Amino acid sequence: MHIVVCVKMVPDTTLVQIDPKTNTLVREGVPFITNPFDTHAVEEALRLKDRYGGKVTALSMGPPAAEMVLRRALALGADEAVLLSDRAFGGADTLATSKVLSEAIRRIHENEPVDLVFCGLQTIDGDTAQVGPGVACRLGFTQLTLVDHIYEVNQRESYIEVRRKLEGAFERVQARMPALITTTREINTPRYPTVPGRLQAASRALPVWSNDVMKLERAEIGLQGSPTNVRRIFAPQREKGEIINGLNGAHLTAADCMLNKLYEWDILNAD
Amino acid sequence: MSETRRKKPRGKARLIEGKCIACGDRCQASCPFDAVEMSDGEPVFILTKCNGCGKCVKICPSEAIELIYTPDEQKILDEYSRKNEPAEIESKADSAWKHVWVFVEQTEGEAHPVSWELLGVGRQLADDLGVELAAFILGDDVGHLAHEAFGYGADRVYLIDDPILSRYRTRAYLEAGLLLIRKYKPEIVLMGATGLGRDLAGALATELRTGLTADCTGLSISLADRLLEQTRPAFGGNIMATILSETARPQMASVRPHVMPKPAFNGERRGPVIQETLSISEDDIPTRIVEIIREKSDSTVNLAGAHVIVSGGRGMKGPEHFWMIRELAELLGGVVGCSRSVVDAGWLPYAHQVGQTGKTVKPKLYIACGISGAIQHLVGMQNSDYIIAINKDKNAPIFDVAHLGIVGDVFDVLPAIIEKTRASLNAPAELEQTAVGMEP
Amino acid sequence: MPWSRIIFTVLFIASIGLFLFNVYRLIAMLCLGRWENRFDHLLARLKGVLLFVFGQKRVVRRAFGVNHFFIFWGFMILLGMNSEFLIQGVFPEFSLRFLGRVPYGALLFATDIMSVVVLAAVALAVMRRIAFRPKYIEASRDAFLILGLIAMLMVAYFGVHAAEIALGETDMGGWMPVSGALAGAFATSTPEKIHRSLNASWWVHALALLAFLNYLPYSKHLHVLTAIPNVFFRRIDPVSVPPRLKFELGQDFGVSKVTQFTWKQLLDFMACTECGRCEDSCPAHGTGKDLSPKEMVHRGKLNLFINGGSLLNSRPIDTLAGAPREASMVKPLIDGTAESIPEKDVWSCATCGVCMEECPVFIEHAPKTLEMRRHLVMEKAEFPEELLSLFNNMEQRFNPWGIAPTDRAKWAQDLDIHIVKEDAPADYLFFVGCSGAYDSRARGIALAMAKILDRAGLSWGILGTEEKCCGDSLRRLGNEYVFDQIAQANVAQFKKLGITKVVTHCPHCYTTLKNDYRAYGAEFEVIHHSELIERLIAEGKLPVHARANGRVVYHDSCYLGRHNGLYDAPRHCVEAVSGQAPAEMERSHGRAFCCGAGGGRMWLEETEGKRINIDRTEQALKQNPAAIASACPFCMTMLEDGLKDLGKDGDVKVKDIAELVADAIE
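Residue numbers (this note's numbering), protein chains in the order written: chain A, 1 to 271; chain B, 1 to 440; chain C, 1 to 666.
Hints were generated in silico from the structure; no laboratory data involved.
Note that this is a predicted model, so its numbers are computed, not measured.
Glycine included, every Cβ here is placed at the ideal spot set by N, Cα and C.
Take the hints with a grain of salt, since some may be wrong.
[Unchecked claim] Here are the simulated distance ranges between beta carbons:
#1 C/Glu422 x A/Gly241: 30 to 40 angstroms
#2 C/Glu326 x B/Glu42: 44 to 54 angstroms
#3 C/Asp423 x B/Gly346: 49 to 59 angstroms
#4 B/Trp323 x C/Ala424: 51 to 61 angstroms
#5 A/Glu220 x B/Asn266: 40 to 50 angstroms
Turn these sequences into a full structure, and let the hints steer you where they fit.
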């Protein structure tokens with residue numbers, strides 16, 4: 001079985017803060033990491049490999065520094081890794097990103113047929129959850145999003161059975177392969193790399209595919225291939241924490257206040 | 001203006017310190033002269049290569065790049081600006097695409113409320129553009145939803161009613177959606193940012209080779225260029241970005257449930273229903289749903305996926321008082337969490353533990369009752385969207401992370417909030433439990 | 001030549017041969033381990049042997065050790081006479097008489113007396129195992145066998161000498177009062193009978209002696225042979241610092257096979273006397289966990305003998321070399337078999353070091369546990385799941401909780417605290433540590449320190465958001481790879497900033513910066529806040545006013561006390577502000593009971609047995625204190641949790657010594 005897993009290098013956005021004085025983003029000391037959702041995708045790919053044998057190829061598009069996320073995947077047990085890096089790929093939105101990724105998977109597929117592609121549900125910097133479906137669509141692979149459990153892979157009959165997380169329920173689905181799966185964070189707990197794994201991963205040469213290799217139309221990739229454009233950005237209105245008194249008989253007023261918040265925050269619905 | 005054509009000075013690009021958000025590499029990608037190198041996420045401009053074209057300035061979403069000029073150049077520029085050339089705006093998009101569409105998401109014939117919320121904001125957009133608002137409904141035996149769609153503001157309904165659409169499956173819904181969109185060419189398509197909506201929207205946008213903006217919190221029309229301004233949180237919610245899809249059509253956006261208000265229902269409204277038929281067979285669909293598994297198995301505590309978590313700490317004084325935590329969690333559709341000391345004391349099993357050595361959670365709402373907020377607990381829950389803390393000690397560290405802090409006795413506040421919540425949910429309160437609210 | 005002599009000579013040669021072969025096997029087994037230099041500091045090593053072997057200094061710390069003292073010295077003295085005895089068996093004319101009549105007589109006298117003493121001591125030891133056996137001592141067959149052999153030796157000795165005196169075969173009877181008295185028992189016997197008795201006694205003595213010699217290597221009494229070298233080769237450095245690793249492909253990281261230990265660590269296994277003192281004082285064992293340092297060493301020995309024996313059998317007898325890297329083992333080292341160490345136990349240790357402090361023969365337990373952790377974490381990535389977030393947080397955010405590095409200086413934001421930079425140095429760098437910077441409770445310590453440093457008028461500063469965790473927990477938990485990265489970065493940063501003096505309030509930062517960073521080229525002086533505060537008070541630079549605010553009991557931090565020998569400084573600080581020396585718990589100073597957080601246990605759930613912090617808190621509460629003073633933020637957390645659990649948090653406070661002192665500054 002050949003599994004491709006897509007990983008992205010992202011800034012650790014949970015560490016980004018807004019300077020309360022200037023209302024600007026404080027990025028100092030914010031490291032780049034593997035997109036947390038993708039760590040679950042890598043883990044699930046590796047678990048399938050452990051279970052059924054085969055090979056895992058990690059794939060990432062990004063600047064040269066993004067090789068760190070591929071090396072992490074290699075350290076964890078991926079067999080191959082390819083970095084897609086070219087200025088021509090830069091500035092891409094989800095549509096242009098899915099183009100480059102899907103073409104890369106097509107190339108890998110031609111060389112060694114791909115049975116499954118794993119992507120994290122979404123990235124923490126973009127939060128769109130669109131690249132997975134985009135890649136699936138472009139490749140014509142069966143699209144399986146929000147997968148939180150894999151029951152089995154039947155290689156002989158070429159199908160996979162997974163559980164998808166719906167609202168308030170789960171769906172057990174049988175799907176034809178090749179398929180693209182986007183994983184939730186609940187699907188597994190990612191393993192930790194061994195030191196020999198890390199050292200091996202660090203010592204390997206990584207193939208980098210630029211557009212000289214990929215030969216994609218400029219109009220379909222990067223900034224030019226991106227239909228969406230950011231007009232402006234601004235800092236969100238932040239709600240300041242509020243401390244109220246609920247002592248000495250004020251608990252009823254406090255409870256009212258809390259109830260209001262529950263409505264304001266849409267925990268309770270007015271209708 | 002051609003006679004005064006003294007060469008317009010072009011300047012050099014420069015980064016304005018502190019404004020770059022490391023969006024990726026848009027400036028680098030936009031530069032025709034390879035004059036931008038990236039260093040730790042931020043651009044470094046190679047001045048010998050920069051030609052001052054200003055592409056990076058325009059593309060930068062955070063207005064972090066400016067062009068700098070020598071004083072001489074500045075003088076010439078000032079002259080230019082005095083002439084005040086009017087900006088001409090024309091839409092580069094294909095005008096064949098018209099009208100605003102809203103996807104009506106349904107499960108077993110019941111519409112997801114987000115669909116109606118979208119009709120509310122869609123109405124506004126359609127009115128601003130002076131076009132029709134349409135709903136498109138896909139499913140099996142879902143004709144009755146057309147009536148509801150009209151009631152919530154749709155002018156027209158597109159419908160594909162086919163047994164193959166009885167349960168949502170990407171390929172079938174994708175084909176159906178493509179059929180309608182390609183045939184009727186809406187300029188805007190809005191969908192709910194639900195699991196289903198995101199699954200379908202991503203596929204649709206890719207097949208249509210168009211832009212899609214996920215999880216919008218604001219939608220409006222830029223009247224000057226008739227473009228949909230789609231505002232959404234980016235960078236982990238640290239900034240808001242307004243996104244356009246200038247040329248590709250339709251302009252697609254998804255919106256999370258409960259973000260937009262639901263419009264009033266008017267049962268009198270009627271409109272045309274345009275029905276199409278789908279010509280795909282079961283063999284064309286690569287997925288088969290084996291089983292639907294309903295949630296709510298009491299044996300497992302799904303803290304990680306919970307929408308609301310109500311947690312108790314040592315301040316609950318004993319396991320016998322945790323019924324209040326359970327009750328509130330149940331009323332709010334949440335699950336029960338707790339601090340480490342509660343597990344240590346044996347009041348609740350480890351599966352409920354939130355914190356460094358327990359579960360890290362990120363629900364929409366976290367209610368901490370009688371939890372002082374030791375660091376080991378805080379790191380497990382401080383990324384929750386909203387945090388309410390109830391604690392007697394006004395200096396408790398939990399208040400540092402709370403959006404609403406109530407300095408009070410959990411044994412006063414909790415019964416009160418339980419009673420009020422139940423009253424507002426209009427749930428039939430059992431007699432013995434109503435008495436609880438009156439306890440001192 | 002009489003038959004008996006021939007038989008004895010054959011037996012003697014065979015026994016000595018077998019004995020020497022066994023010793024050779026043991027040495028060959030030691031050689032299977034990795035090299036480690038323990039041949040430095042020869043004088044100090046010799047001094048240790050005098051003190052701890054011949055002086056039995058650690059043995060006699062416990063009352064019953066005195067018994068061993070007598071057996072030991074009995075043996076030393078008997079060694080002379082027994083050598084003579086054995087040689088006489090082959091060469092009857094041989095005698096130590098050539099020493100001179102008086103010295104020889106003195107030797108006979110001492111032997112005679114010591115034999116009684118040993119006999120009594122053996123009887124006592126048997127009694128102890130039968131009638132009043134402490135939990136940590138086993139009444140094993142092995143023990144009774146050896147005690148029986150010793151007793152038999154003594155009895156036979158008297159049999160021989162009493163008979164000789166009775167027969168008038170010796171002129172030294174006057175030097176042997178006990179034997180002489182026993183000779184009276186032969187008064188009514190015929191010389192023939194006495195002769196027979198002499199013969200029988202002689203053979204009993206001879207056989208018991210040879211049996212003893214060859215039984216040694218197979219029993220716990222191997223320590224008779226190995227304890228002396230083990231004391232000689234003991235760790236000279238007062239603090240146990242794990243060796244720095246090289247991260248290169250083809251290296252082993254940690255220990256999963258017994259032969260990956262160093263020869264000295266293998267010698268440790270052989271030196272164990274199973275006295276059980278380590279187990280008796282181990283906080284993990286004492287609170288109902290399966291881990292026992294004694295059992296771990298015992299299992300290590302069994303594992304070594306099985307695997308080492310098999311390895312030695314598979315190669316030429318004259319090979320003395322390390323085990324090949326790929327050598328396969330008959331029994332895994334970390335596993336559930338009776339000759340392996342359970343994986344669970346590897347994680348139970350708080351590395352408090354009391355086992356090493358207690359061990360009379362200087363066995364080093366914790367470094368072995370660490371090597372096994374290293375293997376599990378680095379080669380296998382197998383560890384309790386709670387550690388996953390810790391490891392990732394440390395690697396990505398340089399603190400255990402994964403809080404934003406930009407928040408590290410938040411505690412100081414409203415204070416005017418100097419940030420040390422290359423162009424803005426300070427005399428003292430206050431290394432705040434993760435607890436002081438992030439934990440809302442421990443921030444109180446950081447704030448108290450800021451007040452103290454300011455009031456003393458020192459030039460000081462912090463690193464602000466540039467500070468990183470010291471990596472202590474990583475290292476103790478075996479994640480040497482990430483520790484190595486952090487240590488390198490920290491030392492490089494300190495060097496770049498030209499830092500010469502570092503003050504920490506956390507003993508974990510303290511020991512890591514001071515000891516562990518040495519291998520990384522750290523040359524700065526590291527001072528624990530208790531040392532600094534003690535000095536500032538003594539020099540009159542801190543205007544503290546002693547107030548009697550009730551009884552204060554002091555809890556020793558393991559890494560401050562046992563590991564780094566700082567017992568008095570924090571106590572003096574408490575005394576300076578409370579007007580009296582702190583109350584002491586039953587277990588304090590070198591025998592202090594851990595809070596349960598060391599060795600990375602801070603980040604692990606404790607589900608087996610009773611929680612260590614509860615136990616320690618109860619010990620503290622026995623002193624009826626108004627406050628428990630600590631000098632470690634981890635201890636503080638553990639004790640506060642303990643108080644909360646016991647419902648005493650309203651009555652008793654835990655205070656860091658810096659907080660106590662800051663409160664007493666007017």
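Results for each hint:
no.: 1; hint: C/Glu422 x A/Gly241: 30 to 40 angstroms; in the structure: holds, 38 angstroms
no.: 2; hint: C/Glu326 x B/Glu42: 44 to 54 angstroms; in the structure: holds, 49 angstroms
no.: 3; hint: C/Asp423 x B/Gly346: 49 to 59 angstroms; in the structure: holds, 56 angstroms
no.: 4; hint: B/Trp323 x C/Ala424: 51 to 61 angstroms; in the structure: holds, 58 angstroms
no.: 5; hint: A/Glu220 x B/Asn266: 40 to 50 angstroms; in the structure: holds, 45 angstroms
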